[in-house]
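Trainee: Each chain, letter by letter, is given below.
4 protein chains.
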Amino acid sequence: MIDRTDPAGAIAAAAADCSNWGRWGADDVLGTLNFLDAAKRREGAALVRRGASFSLAQRFDADGPQRGWRRRTNPVHTMLDTGTDAVFGDQGFPHGIGGADDVIAMPLQCSTQWDGLGHIFDRGKAWNGRPAERVVTAAGDQVTGIEHCAPHVAGRAVLLDVGRVVGGGELPDGFAITEQHLAETAEAHGVAVGRGDIVLVRTGQLARVRRDGWGEYAGGPAPGLSFTTARWLHRTEIAAIATDTWGFEVRPNEFDEAFQPLHQIAIPNIGLLLGEMWDFEELAADCAADGRHDCWLTAAPLPITGAVGSPVNPVAVK
Amino acid sequence: MIDRTDPAGAIAAAAADCSNWGRWGADDVLGTLNFLDAAKRREGAALVRRGASFSLAQRFDADGPQRGWRRRTNPVHTMLDTGTDAVFGDQGFPHGIGGADDVIAMPLQCSTQWDGLGHIFDRGKAWNGRPAERVVTAAGDQVTGIEHCAPHVAGRAVLLDVGRVVGGGELPDGFAITEQHLAETAEAHGVAVGRGDIVLVRTGQLARVRRDGWGEYAGGPAPGLSFTTARWLHRTEIAAIATDTWGFEVRPNEFDEAFQPLHQIAIPNIGLLLGEMWDFEELAADCAADGRHDCWLTAAPLPITGAVGSPVNPVAVK
Amino acid sequence: MIDRTDPAGAIAAAAADCSNWGRWGADDVLGTLNFLDAAKRREGAALVRRGASFSLAQRFDADGPQRGWRRRTNPVHTMLDTGTDAVFGDQGFPHGIGGADDVIAMPLQCSTQWDGLGHIFDRGKAWNGRPAERVVTAAGDQVTGIEHCAPHVAGRAVLLDVGRVVGGGELPDGFAITEQHLAETAEAHGVAVGRGDIVLVRTGQLARVRRDGWGEYAGGPAPGLSFTTARWLHRTEIAAIATDTWGFEVRPNEFDEAFQPLHQIAIPNIGLLLGEMWDFEELAADCAADGRHDCWLTAAPLPITGAVGSPVNPVAVK
Amino acid sequence: MIDRTDPAGAIAAAAADCSNWGRWGADDVLGTLNFLDAAKRREGAALVRRGASFSLAQRFDADGPQRGWRRRTNPVHTMLDTGTDAVFGDQGFPHGIGGADDVIAMPLQCSTQWDGLGHIFDRGKAWNGRPAERVVTAAGDQVTGIEHCAPHVAGRAVLLDVGRVVGGGELPDGFAITEQHLAETAEAHGVAVGRGDIVLVRTGQLARVRRDGWGEYAGGPAPGLSFTTARWLHRTEIAAIATDTWGFEVRPNEFDEAFQPLHQIAIPNIGLLLGEMWDFEELAADCAADGRHDCWLTAAPLPITGAVGSPVNPVAVK
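So the sequences go chain by chain: A, B, C and D.
So the first sequence is numbered by numbering that gives the first Met the number 0: it starts at 0 and just counts up by one.
So the second sequence is numbered by numbering that gives the first Met the number 0: it starts at 0 and just counts up by one.
So the third sequence is numbered by numbering that gives the first Met the number 0: it starts at 0 and just counts up by one.
So the fourth sequence is numbered by numbering that gives the first Met the number 0: it starts at 0 and just counts up by one.
Watch out, some of these pointers could steer you wrong.
If you only want the chain D side, here are some residues facing chain C, beta carbon under 7 Å, derived [unchecked claim]:
1. A37
2. G50
3. A56
4. V86
5. I96
6. V102
7. P106
8. Q108
9. V134
10. P150
11. A153
12. E256
13. V307
14. V314
15. V316
For the record, the hints were derived by calculation from the structure and aren't laboratory data.
The beta-carbon is built from N, C-alpha and C at its ideal position, and this holds for glycine as well.
Work out the full structure: start from the sequences and follow the hints.
Mentor: Shown next as structure tokens:
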């Protein structure tokens, strides 16, 4: 199906087929979040039946997946004040109050995250066809910074537990998830995916790396979406999609020489919000138990002005 | 009412009256978030009527409120890759893909945030009566780190727009909000505050600092909760409370020599999650327009292991 | 002398007169540090007569000159481990050893520093005529990173205490130091400036900001070198030059609309290493006392790969 | 010689034998740097014969030795402005000036460094017998911060190339360098070590890790000083000592359960400045070639207020 020797051709064709450029006007900064409307939020909120809530974030700490590649470290969290200081009375405060403060330094892509619309370019063009050099400078994303998404990412989510349905728990590394696998999973769950949904694709790899470690490079072999799902991502008019892997798409990628070709379609051409390194383990177990694979989800990026991504603590409620 | 010369006595008395130590067992790490249960989440979700969503976060950038006090800076956001680089082909990627990544360094208390349970101590004791030195070391909060809150902060929120009701828009700096003001505001709104609610107290100061700037020190004079509200915070069994000011409580504080005495009751003794520097402007305008002052709220802290606070993008949905 | 309305013309003329492009070959990465040779080091070392040493660095801490302009903060220094933790035995080490570690986050231009050759461009060209976009990307300076200077900045330094000689102690803000002032000062000191020297120009402003504070913006009005000294900087074949001010050249600049025009000549065209925010107070007092204004100086930048500047602790020995 | 089962006993004995507490008064903040006096500087400066200079620093970048242990990462260096931006005219400056700025976040112990006097404690005591909790809080070293060393670390250095003399180039990992090895090396070099000298001990391990990589943990097996050299470090009255390894002393340490026991003597008891991860390769080759193993050295820590260590670019001149 895929000509492994021609990534450029495949990308050009998929970009042409899947482009949403201009769909929401020349000034658009939201991409497919435009599909996530008030009606969809009402539909999502109606899914809160039990009131059970789930965090879909990994913990942010020194045990995370990063090993320094491309200057991506794990978060470095340090204290400005501590309880040990407080009991020694070193803090200079009156009437017995003591305090602790803290600081963090981290790549915005270090763990559970959203990729913003400025994160990936296709042949020099950012989302909506804008010249990349006019969008992301050293001062950050001047146009489509993640802050624009701040109020929007709350709606109906659908969990597609491909790991369980197709893989019997976990998909092996290098497994390319196709439209067929997605359809088969949705059918097994008895759930439909449509316009404005936030799709959560569980591969099960996170359970594996928790057992075995991330290894030298979190971007190594992993299950993930096949490049061939580009048209499904476009056609379904979903608002956003996230996986439990480092890089969303299958690794190694499906061309002989390639780096994340599906990103090149999904972000700058479709305008799709991509989530990576989410943790679906607890939610997926709950869904398997009660048979309901849709829920209310809020996954609000920090409105860091000009950021091309954001750490996030997505909270699902059923 | 308040003996301005005796903060220590007032604090000791309020701590004795308001303590929740042991209420949820010796191992508790959640404090008043225990009040926010599944039933409350169902009640909150039922408030999603129109599907309108609001971000209650300020933007995280160099224009924020911090000026360096206690090493608190505004966020420093830098790019690891840019669009300008991408168009020059400097990035070394194949098939026309380009990318931008970014990094942030910031105090966790720099802007819209939650104070975690390890943020404040009362005479050497942290939440639940634990010795402060056993809770927060230079390695972070070993017991009550903000990561424990990750799935919990989603439920019913009540906006008390004291600025509008009492102040005709904005409360002046130094204005101490009392129980009476809170009750008067709730009555004017036709809304009740009860167990498990997340209370949002709008003073209107944020509108003012947007016009006039934060000045030299964001912790300077501001409206905020009176120390006398401690028993109300305890008695109402609310799950969390947030204001639109730097420091939640009135500044200057109500004792001659004091530093944030209400924090000293609220966090270590009541176990209450406090939010600061939230932005209620858009939500409050909407509530004033439609007359409904309660809503669904998700305000999920980043699960930074051992953190005593977290930046947050709270999203309200009505 | 200066046509205040024509910075572009003045810059073009000075660049043409002062260019060292190609002087040390097409691959040069050192600029005027090429003048600082072994003979000059021998000459400098011979100036160590008493063995007295002086640090010419300001302290790096939260009380520094930065207020956030262009994301330049003061250093944020935090501890990974502390003595308070150690005495509580929280560190997990055997046999009574305890430790403290620390972390820093800082702009490389936040305090006493060297500007590297990649710091400034003239009409799109970096040092030696290279296209700026081929030199400094988001990955840093790919050609002339400060690491190349690592072994070189040790030699003879000459202090020109213009503040004392011309200003009677301190020059007023906005005072433009001309060739005439430099010559007059050298003559008063009985010292000569020549090829390979590191020139230290004391304005005395640092003494003033220590009394009065840096104010809102360290780049505000200050004494400094006149744009007209460009040809002197070139002709004298000095290796490097530093001042005790934020910006080396006089502020406000001498054109109606301008931003650091002398930098635009000195760095990309002359290839000159510029130092800023150095502290000459103690050294200058010593020189005034003993009448000797030259000394041995080591001012070794940290070899941060690809950096366009570096914090530095220059040490003078007399 | 060493009872591997009794580190505590050996440490107590060595601490008693080697203590310099009170030697320079109760207020001392310099330790053995007191030995480095003006006479020693004159002696050192006289060693500048050829004027050849050498940087003894590794490069500070993402390829450094750190892998995240104890939150120690390699430096993260990012750009605030770039040349690619400049040529696009994105920077907003007049008359064709463009600029690049940068930022760094790094542990102060990440690469070539000095350990300050507050870095290590012995049974709750810091240098000069001070209680550790009174010296290093979360606000940094309140007494012996590295800033106090700022003008002092310039003097005579002696290279002891134990790797060449004893190891034929490189010492194997786990090799414990004894007094005998140090004496043998000095004799082979024809050089004497005495009061106020800065001693540079080359093991050759850096050459090896450059070939083979640092591996998972830079603190793994390495050659280094034997615990038994404690009395030599004290008796010789050297001012400072540095090695080309992660941890100065032999790894694994020479007790069954131990962590850096020689540090526990050297820093808090002797008051000795320790250097780690220095790069002696070029200097050592030069010394081997010309037979002179002493030189002038300036190794000036950044005066980061309250720091317990500092990155450094030591510059040797012969």
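Trainee: Would you mind marking each hint as holding or not holding in the structure?
Mentor: Cross-check of the supplied hints:
| no. | hint | in the structure |
| --- | --- | --- |
| 1 | A37 | 3 Å, holds |
| 2 | G50 | 3 Å, holds |
| 3 | A56 | 5 Å, holds |
| 4 | V86 | 5 Å, holds |
| 5 | I96 | 5 Å, holds |
| 6 | V102 | 5 Å, holds |
| 7 | P106 | 5 Å, holds |
| 8 | Q108 | 6 Å, holds |
| 9 | V134 | 5 Å, holds |
| 10 | P150 | 4 Å, holds |
| 11 | A153 | 5 Å, holds |
| 12 | E256 | 5 Å, holds |
| 13 | V307 | 5 Å, holds |
| 14 | V314 | 5 Å, holds |
| 15 | V316 | 6 Å, holds |
The structure meets every hint from the earlier list without exception.
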